[in-house]
Amino acid sequence: MLDTSDIWRCSSMKFSLQDKLSAVRHYLAGLGSQRQTARKFSVAHVQLRRWIAAYQHHGESGLQPGRRRRYTPEFKLAAVEFARSNPLSLADVAARFDIPSYTTLEHWVKLYQEKGAEALNLDKRGHHMSQHPKTPYADKSPDELTPEEMREEIAFLRAQNDYIKKLRALMQENDARARRKGQKSSRH
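Each residue of the sequence shown is one higher than the one before, starting from 1 at the first, in the working numbering.
Derived from the structure by calculation, the hints contain no laboratory data. These numbers were taken from a predicted model, which means no experiment stands behind them. Take the hints with a grain of salt, since some may be wrong.
What the hints assert, rightly or not - Beta-carbon label-pair distances, calculated as ranges: (1) Ala155 - Ser101: 20 to 28 Å; (2) Ala169 - Glu144: 30 to 38 Å; (3) Leu157 - Gln64: 15 to 23 Å; (4) Glu74 - Gln113: 42 to 50 Å; (5) Lys165 - Arg70: 13 to 21 Å; (6) Asp143 - Gly32: 57 to 65 Å; (7) Asp143 - Pro87: 47 to 55 Å.
Claimed, not checked - Using 27 Å as the maximum straight-line C-alpha spacing, the simulated DSS-like pairs for lysine-lysine come out as follows: (8) Lys166 - Lys110; (9) Lys140 - Lys181; (10) Lys110 - Lys40; (11) Lys166 - Lys181; (12) Lys140 - Lys115.
Note that beta-carbon positions come from the ideal geometry of N, C-alpha and C, so glycine has one too.
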């Protein structure tokens, strides 16, 4: 458990996976409100809310320390369109799409509003991104790959496949929700 005597805990301080799990499980077990739990574990209640959402959408993996991620233009557009068509907060949408910081999504939404969908195809330097990211060893033939490189390639392709499946599921969920909204409003 975290040392709650340290009231000067810095907001940029990193929390371990175990710290995050303890706080989330404490709240989900009904042992305190979000604010009480946040106080007990010396974390901002807004941060606790993000952890709870990440845990509810992605389980323990949603609380894993951040890793540098690259997002395809299609993924960015799907997240932006979902955010624009649903009454959820950007933090909730970011949690659903496993985007560690809602400010990333906020930036994409702003780009989309100011410059359109094409702006999501640009990297930070303003260069066009490739539509489909290259696999780590795309430049080598299969015969040239070492067993370790093959394992890395398989892991990359599996992760890419999981990502595509998750994106499709989210888009189908969004479509179903939109259809249900349309049906409800047409009855009244």
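Hint check:
For the hinted restraint 20 to 28 Å between Ala155 and Ser101, the CB-CB distance of approximately 25 Å keeps it satisfied. Evaluation of the 30 to 38 Å hint for Ala169 and Glu144 yields a pass: the beta carbon distance comes to about 36 Å. Remark: the range hint 15 to 23 Å for Leu157 to Gln64 is upheld by a beta-carbon distance near 21 Å. Under the hint 42 to 50 Å, the C-beta atoms of Glu74 and Gln113, about 19 Å apart, miss the expected range.
For the pair Lys165 and Arg70, the beta carbons lie near 18 Å from each other, so the given range of 13 to 21 Å is met. Taking the beta carbon of each, Asp143 and Gly32 are about 59 Å apart, inside 57 to 65 Å as hinted. Separated by about 53 Å at the C-beta atoms, Asp143 and Pro87 satisfy the suggested range of 47 to 55 Å. For the hint linking Lys166 to Lys110, the alpha-carbon distance of about 24 Å falls within 27 Å, and the restraint holds.
A C-alpha spacing of about 49 Å is found between Lys140 and Lys181, which places the hinted pair above 27 Å, so the restraint is violated. The hinted pair formed by Lys110 and Lys40 fails the criterion: a straight-line CA distance of about 36 Å is larger than 27 Å. Proposed proximity of Lys166 and Lys181 is supported: the alpha carbons are some 22 Å apart, at most 27 Å. Simply put, Lys140 and Lys115 have alpha-carbon atoms about 37 Å apart, too far for the 27 Å limit, and the pair is violated.
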